[in-house]
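Listed below, chain by chain, are the residues.
There are 2 protein chains.
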Amino acid sequence: MGVNSNRVEHFACPESNLTIPAELGGAMQIHDVCLPPEKTTLHKLKHRLSEIFFPDDPLYRFKNQTWLNKFILALQFFFPIFQWGSEYNVRLLRSDIISGLTIASLAIPQGISYAKLANLPPIVGLYSSFVPPLIYSILGSSKHLGVGPVSIASLVMGSMLSEAVSPNEDPILYLKLAFTATLFAGFFQASLGFLRLGFVIDFLSKATLVGFMAGAAVIVSLQQLKGLLGIVHFTSKMQMIPVMSSVLNQRDEWSWQTIVMGFGFLLFMLTARHISNRKPKLFWVSAAAPLTSVILSTLVVFLLKSKARGIPIIGHLPKGLNPPSLNMLYLSGPYLAVAIKTGIVTGILALTEGIAVGRTFAALNNYQVDGNKEMMAIGLMNMAGSCSSCYVTTGSFSRSAVNCNAGAQTAVSNIVMASAVLVTLLFLMPLFYYTPNVILAAIILTAVIGLIDYQAAYKLWKVDKLDFMACLCSFLGVLFISVPLGLAIAVGISVFKILLHVTRPNTMALGNIQGTQIYQNLSRYREASRVPSFLILAVESPIYFANSTYLQERMLRWVREEEEWIKANNASTLKCIILDMTAVTAIDTSGIDAICEIRKMMQKRTLKLVLANPVGSVMEKLEQSQLLESFRVNGLYLSVGEAVAHISSLWYPQP
Amino acid sequence: MGVNSNRVEHFACPESNLTIPAELGGAMQIHDVCLPPEKTTLHKLKHRLSEIFFPDDPLYRFKNQTWLNKFILALQFFFPIFQWGSEYNVRLLRSDIISGLTIASLAIPQGISYAKLANLPPIVGLYSSFVPPLIYSILGSSKHLGVGPVSIASLVMGSMLSEAVSPNEDPILYLKLAFTATLFAGFFQASLGFLRLGFVIDFLSKATLVGFMAGAAVIVSLQQLKGLLGIVHFTSKMQMIPVMSSVLNQRDEWSWQTIVMGFGFLLFMLTARHISNRKPKLFWVSAAAPLTSVILSTLVVFLLKSKARGIPIIGHLPKGLNPPSLNMLYLSGPYLAVAIKTGIVTGILALTEGIAVGRTFAALNNYQVDGNKEMMAIGLMNMAGSCSSCYVTTGSFSRSAVNCNAGAQTAVSNIVMASAVLVTLLFLMPLFYYTPNVILAAIILTAVIGLIDYQAAYKLWKVDKLDFMACLCSFLGVLFISVPLGLAIAVGISVFKILLHVTRPNTMALGNIQGTQIYQNLSRYREASRVPSFLILAVESPIYFANSTYLQERMLRWVREEEEWIKANNASTLKCIILDMTAVTAIDTSGIDAICEIRKMMQKRTLKLVLANPVGSVMEKLEQSQLLESFRVNGLYLSVGEAVAHISSLWYPQP
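Protein chains in written order, with the UniProt record's numbering: chain A, 1 to 655; chain B, 1 to 655.
Treat the hints as calculated values from the structure; they're not laboratory data.
Note that the coordinates shown come from a computational prediction; the quantities given were computed from them, not determined experimentally.
Hints may contain errors.
If you anchor each label on the Cβ, the simulated ranges turn out as follows [said to hold, decoys possible]:
{"hint": "1", "chain 1": "A", "residue 1": "Arg560", "chain 2": "B", "residue 2": "Leu326", "range": "38 to 46 Å"}
{"hint": "2", "chain 1": "B", "residue 1": "Ala488", "chain 2": "A", "residue 2": "Gln368", "range": "35 to 43 Å"}
{"hint": "3", "chain 1": "A", "residue 1": "Lys608", "chain 2": "B", "residue 2": "Tyr367", "range": "19 to 27 Å"}
{"hint": "4", "chain 1": "A", "residue 1": "Arg526", "chain 2": "B", "residue 2": "Glu629", "range": "19 to 27 Å"}
{"hint": "5", "chain 1": "A", "residue 1": "Val200", "chain 2": "B", "residue 2": "Arg560", "range": "48 to 56 Å"}
{"hint": "6", "chain 1": "A", "residue 1": "Val232", "chain 2": "B", "residue 2": "Ala337", "range": "53 to 61 Å"}
Take a look, some chain A residues computed to stay more than 10 Å from chain B by CB distance [what the hints assert, rightly or not]:
{"hint": "7", "residue": "Cys34"}
{"hint": "8", "residue": "Val218"}
{"hint": "9", "residue": "Ile241"}
{"hint": "10", "residue": "Leu422"}
{"hint": "11", "residue": "Arg524"}
{"hint": "12", "residue": "Lys621"}
C-beta: ideal position from N, C-alpha, C; glycine also.
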């Protein structure tokens, strides 16, 4: 345990060190630079794999336990319900019932609306708010995650599947593909969790997601114009330009009754949301608003049946629980590729949202969620859902926020919500007969408006312009090209940022801060002053193939400019270049060649090249490439200060 | 000039610093951490662009010169012939004539052979050894580059074009596409040079190229089995498995006369090459061997005309100079895409080889070549060549090595070689009538054998396993999949290496080396010992989206393990975590969030988080995201030593 347990007995380092004589500035001891402890290739591979896949050392809690304890811990690890379930009591139950009913009032209208967003029968949205939350409450680690359909995944699934199959002309095939896509999404998510490849979703950085969610929100909002304005003939494409032209060209189909009712209730729900945002204690206002709107609008349409004949309504919804859908899985045929592709894309998006929401609320409430375990829970939830007439679900931000604000203590709130949905499915379905579609459009609009986080985008602009570029490209790509491509472009920009940083690293000249052994950037610290006859350069990145040519040219230029300055200011001749390798965190064969070349270039100019403070892996590579020999004698030091002191002492030997 | 010219007047740093009282261990002055000098976004963008595109500051030599001098320097910059031409004398001419004639003896047989490799008429290979060297001698900067057709580019051009158009059935269209591809290759190369995008070819690292060239050499060698064994019906595919099955299945077509002659001369040339490798003074032996073999084999076939009727010969080659081929450029039509794609791939390969060869010989002979200028020279050379019946040419390693060993002093050796080719084109064409094709196969085999550099591959294995993986994948990809895809896979692995390094960085615990202010890795330096009540962690990479989650988990694990060790060893309680940011060379918004989260996590465990020595850009981002405020008070230090000293002094205040 602890840092000392990492020590290995064998150090490749001799005991004796050099000392600078007192006459030359102080009794300064020079230390040798050590090689890191030797490890076999296999050992290094094991260590590397454990850092990649098990950074949090999940088995630590199993140490020093009896077999019975280990069994119990393992059960609690795989089924967290056994962990919090054993400490459950009435007080927790009361909080969970309140929060469960609160999110149920949100889940029921949202479920119906989001299913329509995915071009699926509305009842599927309610089915998806029943089975998945139950599965999650057994397997999931988050106390506050509110599980059910979400707008982004529904949108993406709807758009990707409709490109291949029309939901109007072939609804049965479309439904089959949706369930199959859900199965593959779940399988993909569970595999990521099982193989501990969770870090893959880290590549969808927050900057990328801000732009992506905003773009998707705009697209979803534009599509709701069909429902809000009562247009019948609408484009099936998703992108901004086709949608806007569809809206403006079909002005004759705009229906004033639909518009009045739609915008009226939209205003009502937006106001409720605004109130809840201003006063967090009134969170129940925005939670109750959608259900209230559904009830009111159903009443209005029911009472004004004859006059409001033009307004499209939901119609008949079948009663009863989720029918099993194993027989509806489409596992062979020409559309399988579409289903798999849709599954993977919606799977990644659902996972990203679910993990992000889980982590956010965990951080706010002082507990940890294990990312890989959550992925397995969400994956299994979707796989089970695909066999019981559900489509892709995950933890949604709005639902989890309401859940948290309403005082949820454990995942029992999801069980309570599922029970409320159960009651609705068994008894309350006829009540939705007269619910107008326009209210569903208004509910979706209210929900996605919150995804446009312009404050986060502004903050990105202020702090990191490249992150803002990734955000902007994500946004524009989703709006104008397509959802998967917009996301791919944004990930590409993020990766490009990493490559740019390596390809053109910062280099700087260091100077000494008087009275200390600290060497800092001369152009940043006024107290730093150059050391006569030395040029101390620092490189701030690994030396790889991508930057070795650049570094050779840049160092030559540093030397040339320094020599010109010396000539112009009559300063003492340049004799030694010290390369501070503290921030050179790795090196490859091209980097080794570059150091070799730089040394030869310096030798031709009768300058000595000295390396200071190389990290462990760099020392190893220098040794394996046999370049280390040429630096062993007065060429390698533990710090810049020691290098300066020792080399100066060599120039001015004792009398 | 020099490092002091980078200082900006305004430093964001106050003068006064803190001091540790003497009773607590010494009069140690604590310095404030400065923000880097303020720069506008525009200024930063300008600086970044100049580092990307003009790292060597090419305009420095124009400073402080008269207008006439500037004009002359500019002329010499764009046309290097004016530079070395003005200092030319008879002694240089003599060396260049000798080397020029030597490489001509290599160029003539190689030109004919490589053209056949590209499925082009043999005469095109001789044309390509005439015009391009002349253009290069005016524009090029390398003194030793021997210009002409090369095996790899010929192979790739031949394979990519034959996938679309059969050279046997449609030779005119094939020739047109070849010239068009050369035009696009030249245009692409010249653009890279003009836009100073030369760093793009740095991504083809040496490791990648070793594998790629070896794979291409094996493919070329296998294809020569057709000529060496005299097979008539051969696969048009390039990959190893189709070729080997073709060779073994057509055993009835093997012709013993061809085999005897082919392997006989092959042995002769390999022996000559071996002699030259052992004794560099006898370089002319391997240079003269191909031409000697051509002459001898032509004589043999001529004298034994009747008996050797089965051996295929070159046949009639037209006399005369390069005919203009502007009218043969295929600039519109269904095959244009193939020509463009072929042009870009062969252009990149030709450029990589030419630049690598130029730099190698420049380094050996103590002069510099400007990469971007060379690219423009090679690009313009190919563009001019495409209009004069030449195909893709570049500097070849074998030709340049012979050139250098034969004593070339300037690019005039290329002019001499071109003159020798001119004489051959005008007068000596009939002599090649009876030259057997088998000798061309033997010449190609001898040339490409040298490209299989197993010593370099072994060195890669010893020094850097990931580089070896890139090399191996490149090799296998080229052998079994296809040339462009093999290269793409290898570049992908190289980029993956960079991403892996960022995604899973090294983290370590530091300890103090007694009697100094140096803090080093505890598991590497025996002299380093932990500081009681402190946990000093160092992170060796930028903190980006790709690793922020990992770093949070890893740091929690470091703290947990340290606390367990403390409990087990009854050591003093952990109170403060110091994060050494010297090697954290950059940070983005996800990284800022990660630091915020880590600080909250530490606060919950009543631990103080302190940052030491953040680099300039990290300080800026901390300030812009307003995270800096929370660290200002006793949370930010210039070095780990100062942090330890000051914080310790706070815990034990003066009595």
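Violated hints, by number in ascending order, as checked against the structure | 5, 6, 7, 11, 12
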